[in-house]
Structure formats: C-alpha cells, structure tokens
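Undergrad: Sequence:
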Amino acid sequence: MRVFILVFLISLAFGEDIKKFEVNSSNFKLDMVYNLPLNKYQKFLAKAVLENGDEVEFVSVKSMLQVYFNQDYFLKKRLLKSKIKKMFVKDYLDGSLVDAKEAFYVFGSRLVGPHGDDLIPLKNKTNLELFKIKYGGTKVLKFDEIKPALIKYLDM
2 MRVFILVFLI SLAFGEDIKK FEVNSSNFKL DMVYNLPLNK YQKFLAKAVL
52 ENGDEVEFVS VKSMLQVYFN QDYFLKKRLL KSKIKKMFVK DYLDGSLVDA
102 KEAFYVFGSR LVGPHGDDLI PLKNKTNLEL FKIKYGGTKV LKFDEIKPAL
152 IKYLDM
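Using this note's numbering, you'd call the opening residue of the sequence shown number 2 and step up by one each time.
Just so you know, not all the hints are guaranteed correct.
As the list claims (entries may be wrong) - Computed spacing ranges between beta-carbons, pair by pair:
#	residue 1	residue 2	range
1	84	148	13 to 21 Å
2	145	74	35 to 43 Å
3	77	148	19 to 27 Å
4	37	127	24 to 32 Å
5	139	55	21 to 29 Å
6	74	134	21 to 29 Å
7	133	29	28 to 36 Å
8	134	30	19 to 27 Å
9	77	125	17 to 25 Å
10	102	44	30 to 38 Å
11	40	74	21 to 29 Å
12	29	139	32 to 40 Å
Note that these hints are calculated values from the structure, not bench results.
From the three backbone atoms N, C-alpha and C, an ideal C-beta is built for every residue, glycine too.
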C-alpha cells in the first residue's frame, strides 16, 4: 500500500512535467520506408505527389526512389493510396524544392544521408560544383540514369 501511495504522490508532484514531453502526433511523421522521423532530416527531405492529389514526404531521395521503383508493392501493402504522379527533391545547398526529374544527383560523396549512402540532389551546375568542392563525389547522374539496382546498392 505504501508503494501505491508513493507512486501516486510522485505522479501528482511531477504530472505537469510529464505532460510537456508528450509527442505532438501532427508534427511527428515517420518515413514509410525507413521509419525515421521526417522532421529530424530537413536537408534531405523529398516529396511525391500522388495521382489522387495526396502528398507523401520521404526522409531522403533514396527512400523516395525505393517507393517509386516498387510502387506496386507499396500499393498492395496499402502504404500508398495511388501511384506517384510527380516528385520533388530539396537542393542540398540552398533548400529549394526542385522537380526530381530536373535535378542533378551526386553519387559517392563524403556526405552521408539519414540512412547511409544516398544520392544528393542539386538544382543546377553551379550548386553542383560548389557541392563537389566541399563534399566530393565520384559521379553525377540525371534522373533517367538512376536505376533500381543503384538504389538497391545504396541500401546495402
């Protein structure tokens, strides 16, 4: 009985502090592939607009392309409501939103994404050259050069 009373008194004394640590579920979203918090990796975020108009955010380019190349699987598992219509990535240097099919992607840089090696998106050649000076990179790819095998390799 004493233990119960002690626990009750402690919960009364610290009850207000406990409420402060509750997670606001409207701001706390997880990546559908890697279950990483989206708000923690703002520089790497990518976004897809679905055919039904919904928007889905991803923790990185690699995560979004995992879904893009395997849409049937994600539709079957009901993780996607409809197919991807358009994709956007964030330029790593200036944070601007860029059409994923127009961006340049750096492979093999010293920069590590939220879930290991990743493709780093940049909106133009100027940002690309600045990025390579700071972080290096072994290859630059356009969207149509990215194949499912590369994404699988990055995920090893």
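Undergrad: A separate judgement is required for each hint: does it hold in the structure or not?
TA: Taking the hints in turn, this is what the structure says about them:
{"no.": "1", "hint": "84 - 148: 13 to 21 Å", "in the structure": "holds, 19 Å"}
{"no.": "2", "hint": "145 - 74: 35 to 43 Å", "in the structure": "violated, 22 Å"}
{"no.": "3", "hint": "77 - 148: 19 to 27 Å", "in the structure": "holds, 22 Å"}
{"no.": "4", "hint": "37 - 127: 24 to 32 Å", "in the structure": "holds, 30 Å"}
{"no.": "5", "hint": "139 - 55: 21 to 29 Å", "in the structure": "violated, 36 Å"}
{"no.": "6", "hint": "74 - 134: 21 to 29 Å", "in the structure": "violated, 39 Å"}
{"no.": "7", "hint": "133 - 29: 28 to 36 Å", "in the structure": "holds, 35 Å"}
{"no.": "8", "hint": "134 - 30: 19 to 27 Å", "in the structure": "violated, 34 Å"}
{"no.": "9", "hint": "77 - 125: 17 to 25 Å", "in the structure": "violated, 38 Å"}
{"no.": "10", "hint": "102 - 44: 30 to 38 Å", "in the structure": "violated, 21 Å"}
{"no.": "11", "hint": "40 - 74: 21 to 29 Å", "in the structure": "holds, 26 Å"}
{"no.": "12", "hint": "29 - 139: 32 to 40 Å", "in the structure": "holds, 36 Å"}
When each numbered hint is compared with the structure, violations occur for hints 2, 5, 6, 8, 9, 10.
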